[in-house]
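Just so you know, the protein sequences line up as chains A and B, in that order.
Using our numbering, you'd call the opening residue of the first sequence number 45 and step up by one each time.
Using our numbering, you'd call the opening residue of the second sequence number 511 and step up by one each time.
The hints are simulated quantities; they were obtained by calculation from the structure and are not laboratory data.
Backbone N, C-alpha and C fix where the C-beta goes; we use that ideal spot for every residue, glycine too.
One or more hints might be untrue.
[As the list claims (entries may be wrong)] Just the calculated beta-carbon pair ranges, DEER-fashion:
| id | chain 1 | residue 1 | chain 2 | residue 2 | range |
| --- | --- | --- | --- | --- | --- |
| 1 | B | PHE570 | A | LYS559 | 33 to 41 Å |
| 2 | A | PRO180 | B | GLY738 | 23 to 31 Å |
| 3 | B | GLY657 | A | TYR333 | 25 to 33 Å |
| 4 | B | GLU626 | A | GLY181 | 31 to 39 Å |
| 5 | B | VAL746 | A | LYS239 | 37 to 45 Å |
| 6 | B | TYR717 | A | GLY181 | 29 to 37 Å |
| 7 | B | GLU651 | A | PRO180 | 49 to 57 Å |
| 8 | B | GLY595 | A | VAL372 | 38 to 46 Å |
| 9 | A | ILE65 | B | GLU651 | 43 to 51 Å |
[Claimed, not checked] Listed next, the in silico DSBU-like pairs over lysine-lysine satisfying Cα-Cα at most 35 Å (straight line):
| id | chain 1 | residue 1 | chain 2 | residue 2 |
| --- | --- | --- | --- | --- |
| 10 | A | LYS239 | B | LYS692 |
| 11 | A | LYS539 | A | LYS469 |
| 12 | B | LYS693 | B | LYS767 |
| 13 | A | LYS539 | A | LYS559 |
| 14 | A | LYS510 | A | LYS239 |
| 15 | A | LYS572 | B | LYS581 |
| 16 | A | LYS572 | B | LYS767 |
| 17 | B | LYS581 | B | LYS692 |
| 18 | B | LYS692 | B | LYS767 |
| 19 | B | LYS581 | A | LYS559 |
| 20 | A | LYS323 | A | LYS510 |
| 21 | A | LYS75 | A | LYS239 |
| 22 | B | LYS547 | B | LYS693 |
| 23 | A | LYS539 | A | LYS75 |
| 24 | A | LYS75 | A | LYS572 |
| 25 | B | LYS684 | A | LYS75 |
| 26 | A | LYS239 | B | LYS581 |
| 27 | A | LYS75 | A | LYS510 |
| 28 | A | LYS75 | B | LYS767 |
| 29 | B | LYS684 | B | LYS581 |
| 30 | A | LYS559 | A | LYS469 |
[Claimed, not checked] Partial pick of chain A residues on the chain B-facing surface, computed with a CB cut under 8 Å:
| id | residue |
| --- | --- |
| 31 | ALA156 |
| 32 | ARG157 |
| 33 | ILE224 |
| 34 | THR270 |
| 35 | ALA281 |
| 36 | ASP286 |
| 37 | LEU289 |
| 38 | LEU467 |
| 39 | TRP470 |
| 40 | GLY518 |
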Amino acid sequence: MAAVHGDAHDHGHDDHHPSGIMRWITTTNHKDIGTMYLWFSFTMFMVGGILAMGIRAELYQPGIQILEPELFNQFTTLHGLIMVFGAIMPAFVGFANWQVPMMIGAPDMAFARMNNWSFWLLPVAASLLVVSFFVPGGAAAGGWTFYPPLSVQGGLGVDMMIFAVHILGASSIMGSINIITTILNMRAPGMTLMKMPLFVWTWLITAYLLVLVMPVLAGVVTMLLTDRHFGTSFFNAAGGGDPVLFQHIFWFFGHPEVYIMILPAFGIVSEIIPTFSRKPLFGYSSMVYATASIAILSCFVWAHHMFTAGMPTVGQLFFMYATMLIAVPTGVKVFNWTATMWRGSMTFETPMLFSIGFIFLFVIGGLSGVICAIVPIDIQVQDTYYVIAHFHYVLVSGALFALFAGVYYWIPKWTGRMYNETLGKWHFWLSMFFFNLTFFVQHFLGLAGMPRRVPDYALQFADFNKISSLGAFGFGLTQLLFLYIVINCIRSGEKSTQMPWEGATTLEWTHLPAKAPYHSFETPPVVK
Amino acid sequence: MSQESGHYYVPAPSLFPIIGSTALLFMGFGAALTMNKMELGYGLLAIGFAILIYMMFGWFGTVAQESESGKYNDQVDVSFRWGMGWFILTEVMFFCAFFGALFYMRVLSIPWLEEESLVLGQDWWPAYDGAWPTTGPGEFEAFTPMGAWGLPAINTMLLLSSGVTCTLAHHAIKENRREALKKWLLATIALGAIFIACQAYEYVHAYNDLNLKMTSGAYGSTFFMLTGFHGFHVTVGAIMLTVIYFRCAAGHFTSEKHFGFEGVAWYWHFVDVVWLGLFVFVYLM
Numbered sequence: 045m046a047a048v049h050g051d052a053h054d055h056g057h058d059d060h061h062p063s064g065i066m067r068w069i070t071t072t073n074h075k076d077i078g079t080m081y082l083w084f085s086f087t088m089f090m091v092g093g094i095l096a097m098g099i100r101a102e103l104y105q106p107g108i109q110i111l112e113p114e115l116f117n118q119f120t121t122l123h124g125l126i127m128v129f130g131a132i133m134p135a136f137v138g139f140a141n142w143q144v145p146m147m148i149g150a151p152d153m154a155f156a157r158m159n160n161w162s163f164w165l166l167p168v169a170a171s172l173l174v175v176s177f178f179v180p181g182g183a184a185a186g187g188w189t190f191y192p193p194l195s196v197q198g199g200l201g202v203d204m205m206i207f208a209v210h211i212l213g214a215s216s217i218m219g220s221i222n223i224i225t226t227i228l229n230m231r232a233p234g235m236t237l238m239k240m241p242l243f244v245w246t247w248l249i250t251a252y253l254l255v256l257v258m259p260v261l262a263g264v265v266t267m268l269l270t271d272r273h274f275g276t277s278f279f280n281a282a283g284g285g286d287p288v289l290f291q292h293i294f295w296f297f298g299h300p301e302v303y304i305m306i307l308p309a310f311g312i313v314s315e316i317i318p319t320f321s322r323k324p325l326f327g328y329s330s331m332v333y334a335t336a337s338i339a340i341l342s343c344f345v346w347a348h349h350m351f352t353a354g355m356p357t358v359g360q361l362f363f364m365y366a367t368m369l370i371a372v373p374t375g376v377k378v379f380n381w382t383a384t385m386w387r388g389s390m391t392f393e394t395p396m397l398f399s400i401g402f403i404f405l406f407v408i409g410g411l412s413g414v415i416c417a418i419v420p421i422d423i424q425v426q427d428t429y430y431v432i433a434h435f436h437y438v439l440v441s442g443a444l445f446a447l448f449a450g451v452y453y454w455i456p457k458w459t460g461r462m463y464n465e466t467l468g469k470w471h472f473w474l475s476m477f478f479f480n481l482t483f484f485v486q487h488f489l490g491l492a493g494m495p496r497r498v499p500d501y502a503l504q505f506a507d508f509n510k511i512s513s514l515g516a517f518g519f520g521l522t523q524l525l526f527l528y529i530v531i532n533c534i535r536s537g538e539k540s541t542q543m544p545w546e547g548a549t550t551l552e553w554t555h556l557p558a559k560a561p562y563h564s565f566e567t568p569p570v571v572k
Numbered sequence: 511m512s513q514e515s516g517h518y519y520v521p522a523p524s525l526f527p528i529i530g531s532t533a534l535l536f537m538g539f540g541a542a543l544t545m546n547k548m549e550l551g552y553g554l555l556a557i558g559f560a561i562l563i564y565m566m567f568g569w570f571g572t573v574a575q576e577s578e579s580g581k582y583n584d585q586v587d588v589s590f591r592w593g594m595g596w597f598i599l600t601e602v603m604f605f606c607a608f609f610g611a612l613f614y615m616r617v618l619s620i621p622w623l624e625e626e627s628l629v630l631g632q633d634w635w636p637a638y639d640g641a642w643p644t645t646g647p648g649e650f651e652a653f654t655p656m657g658a659w660g661l662p663a664i665n666t667m668l669l670l671s672s673g674v675t676c677t678l679a680h681h682a683i684k685e686n687r688r689e690a691l692k693k694w695l696l697a698t699i700a701l702g703a704i705f706i707a708c709q710a711y712e713y714v715h716a717y718n719d720l721n722l723k724m725t726s727g728a729y730g731s732t733f734f735m736l737t738g739f740h741g742f743h744v745t746v747g748a749i750m751l752t753v754i755y756f757r758c759a760a761g762h763f764t765s766e767k768h769f770g771f772e773g774v775a776w777y778w779h780f781v782d783v784v785w786l787g788l789f790v791f792v793y794l795m
């Protein structure tokens with residue numbers, strides 16, 4: 045795709061930067077900031093994971109053993125908030141920071157100082173969330189969707205969560221404006237929009253979604269705050285408001301949010317599959333249009349989260365059909381990935397394994413999503429473990445697996461070293477096994493009627509819950525292996541080469557040395 | 511495109527972001543504690559605000575210096591344009607959430623409450639007629655709504671005129687008429703300040719004479735939240751215009767390059783447009 049004209053090695057002149065902790069606090073370098081995003085998100089992944097382990101330990105058998113119901117509710121609430129806002133989203137922003145400038149041949153992000161602030165707001169918000177466990181009344185306990193009236197009644201912990209969401213929103217908005225501007229304004233000469241790598245395209249579209257919906261979330265938590273403390277009546281029927289109004293505004297943010305967490309995953313997988321199939325991506329332009337269609341449609345389907353909240357039939361029908369329509373562009377994507385592999389000379393290194401695992405399991409999650417979209421079925425499975433199983437298939441084996449794939453794929457370029465391939469494969473197969481052990485049985489639990497967000501359950505659910513808990517513990521431990529693989533790679537991995545993957549075609553592989561230099565593309569390359 | 515005027519400017523490592531984060535750390539905890547009437551909160555909140563203001567002075571001051579010393583080439587200028595444009599879109603979406611709440615209440619939830627009242631009669635909220643403006647069917651004190659053709663109409667004229675003076679200032683800067691530029695900027699700031707004063711007077715009037723409060727049900731909630739956030743944005747815009755005025759007075763900007771001015775002008779027009787929405791949907795209808 046590209047031919048070199050700019051010299052990528054003429055950097056050197058201002059490589060010096062503060063050392064030690066000050067390097068990380070003051071940095072304006074997209075690679076440093078990307079690294080911080082990724083380590084932060086892994087840390088929050090561990091925190092959210094510990095909460096998940098607590099939940100599964102309590103659900104290991106019927107009865108209340110470990111977590112009192114009130115604390116259990118705090119665990120489920122904070123598990124959701126931390127995983128969504130602390131682990132998955134920052135991880136993708138970390139990828140954007142590392143990869144977008146390198147893949148489009150830009151010297152850095154468009155607003156390098158603001159980029160630093162976007163990152164350093166996250167630990168602030170995270171500390172508000174984590175500390176809220178230890179304040180009087182404990183953390184927010186109304187679920188990660190914090191519906192009123194429950195969330196109007198909570199204590200100090202709910203306010204800390206509200207301000208954490210405000211700060212996270214500010215961080216996301218600054219981050220996404222930065223990404224949009226970088227992509228639109230800083231591409232190397234010759235890189236037209238339709239020559240951009242698909243990962244860059246998916247992030248461009250994701251950033252648009254973030255800019256559209258994060259302010260709406262900020263608005264709705266502000267209404268919650270004033271309902272709690274200043275006597276407004278947005279969600280109070282006595283004053284002419286409606287608790288369901290909260291759900292509408294929240295899910296106007298919340299549904300695009302799930303695509304914010306999956307579109308960059310599509311992007312990563314769309315980079316990896318062509319590389320290891322040694323074929324160009326099948327249907328590049330249809331991939332771009334499919335991504336855009338998914339993003340646009342995602343803004344018109346929010347009320348499928350609310351079929352049981354009370355809605356006119358015509359509303360249910362509209363949201364049902366609109367939701368099912370999303371399966372079409374998603375199907376285009378799955379078809380294209382499969383067609384890319386068709387007759388390719390495929391090899392199965394760890395990034396490819398995670399990508400193929402992603403396709404299989406994401407399709408399961410996507411199909412159970414279509415099932416949930418059908419109103420009469422949804423009325424049965426609403427708030428059951430079927431829904432839990434559905435969205436963990438798209439968020440864990442979807443978003444998280446794609447993140448793992450991306451780390452294995454790009455870590456040679458980030459560190460100049462190779463990870464241990466054998467251990468990487470173990471990580472994949474153990475994750476695959478334990479993930480399915482944890483979540484596949486939850487489909488059965490949900491269909492049998494086990495409700496979500498309960499610390500105790502009827503005896504007939506005991507066996508599947510035990511299996512699910514065992515799977516969760518295995519999945520949790522497996523992620524420590526991932527941590528070991530990454531540290532091992534950074535410390536003592538074998539030296540990598542400029543092109544560890546022979547099929548890769550994007551600029552970071554074709555133009556930059558084995559370990560990407562601190563400043564890359566200060567003089568833009570020319571793309572032909 | 512960056513070839514003509516040197517590399518894209520990537521700023522050196524900076525302490526301002528972490529100072530800003532420290533400010534928000536204080537403000538986040540401070541606000542949460544203040545909301546729950548804990549003494550410690552007020553102090554934390556005050557410290558947070560102080561640090562934030564220090565950070566803004568330092569950060570924006572640095573940007574102004576970098577701009578004046580010619581570090582920003584045309585490509586950086588385009589970045590600022592994209593950035594400000596998308597920032598304003600996020601502001602629009604923030605107001606959309608509150609307008610959405612207003613429309614939902616007026617079109618859906620209040621008529622539903624009226625129907626329930628008719629169907630369920632005495633056991634429910636008897637004889638709730640659901641006519642806007644309303645406090646809702648619950649036990650709320652009666653109030654008088656804010657009329658559109660008094661102060662709000664004058665406010666509309668004030669803001670629309672300030673849009674005109676702002677544009678005149680823009681023409682002046684493009685034609686390098688610096689005295690006219692400062693004069694029209696001052697006029698814009700003055701109109702904005704009068705607007706804010708009128709709004710403040712209107713709030714006092716609402717609380718003292720009309721018994722219209724934030725606690726006055728659906729009408730009070732949407733009235734004060736929409737006009738309140740708008741008033742806050744006008745205040746921020748007026749402060750931004752004041753900064754630009756002093757930068758103009760210090761000889762910043764040229765007739766070709768003055769995005770600092772333009773960005774603020776965009777923002778000012780944005781608060782103008784939001785006001786028109788408020789005037790129609792909050793005051794008139």
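Comparing the hints with the structure gives:
no. : hint                            : result
1   : B/PHE570 / A/LYS559: 33 to 41 Å : holds, 36 Å
2   : A/PRO180 / B/GLY738: 23 to 31 Å : holds, 30 Å
3   : B/GLY657 / A/TYR333: 25 to 33 Å : violated, 51 Å
4   : B/GLU626 / A/GLY181: 31 to 39 Å : holds, 34 Å
5   : B/VAL746 / A/LYS239: 37 to 45 Å : holds, 40 Å
6   : B/TYR717 / A/GLY181: 29 to 37 Å : holds, 32 Å
7   : B/GLU651 / A/PRO180: 49 to 57 Å : violated, 33 Å
8   : B/GLY595 / A/VAL372: 38 to 46 Å : violated, 32 Å
9   : A/ILE65 / B/GLU651: 43 to 51 Å  : violated, 57 Å
10  : A/LYS239 / B/LYS692             : violated, 46 Å
11  : A/LYS539 / A/LYS469             : holds, 19 Å
12  : B/LYS693 / B/LYS767             : holds, 20 Å
13  : A/LYS539 / A/LYS559             : holds, 9 Å
14  : A/LYS510 / A/LYS239             : violated, 50 Å
15  : A/LYS572 / B/LYS581             : holds, 30 Å
16  : A/LYS572 / B/LYS767             : holds, 32 Å
17  : B/LYS581 / B/LYS692             : holds, 25 Å
18  : B/LYS692 / B/LYS767             : holds, 17 Å
19  : B/LYS581 / A/LYS559             : holds, 30 Å
20  : A/LYS323 / A/LYS510             : violated, 44 Å
21  : A/LYS75 / A/LYS239              : holds, 23 Å
22  : B/LYS547 / B/LYS693             : violated, 46 Å
23  : A/LYS539 / A/LYS75              : holds, 19 Å
24  : A/LYS75 / A/LYS572              : holds, 26 Å
25  : B/LYS684 / A/LYS75              : violated, 39 Å
26  : A/LYS239 / B/LYS581             : holds, 30 Å
27  : A/LYS75 / A/LYS510              : violated, 43 Å
28  : A/LYS75 / B/LYS767              : holds, 31 Å
29  : B/LYS684 / B/LYS581             : holds, 21 Å
30  : A/LYS559 / A/LYS469             : holds, 23 Å
31  : ALA156                          : holds, 5 Å
32  : ARG157                          : holds, 5 Å
33  : ILE224                          : holds, 6 Å
34  : THR270                          : holds, 7 Å
35  : ALA281                          : holds, 6 Å
36  : ASP286                          : holds, 4 Å
37  : LEU289                          : holds, 5 Å
38  : LEU467                          : violated, 36 Å
39  : TRP470                          : violated, 38 Å
40  : GLY518                          : violated, 37 Å
Violation of the numbered hints given earlier is confined to hints 3, 7, 8, 9, 10, 14, 20, 22, 25, 27, 38, 39 and 40; the remaining hints are satisfied by the structure.
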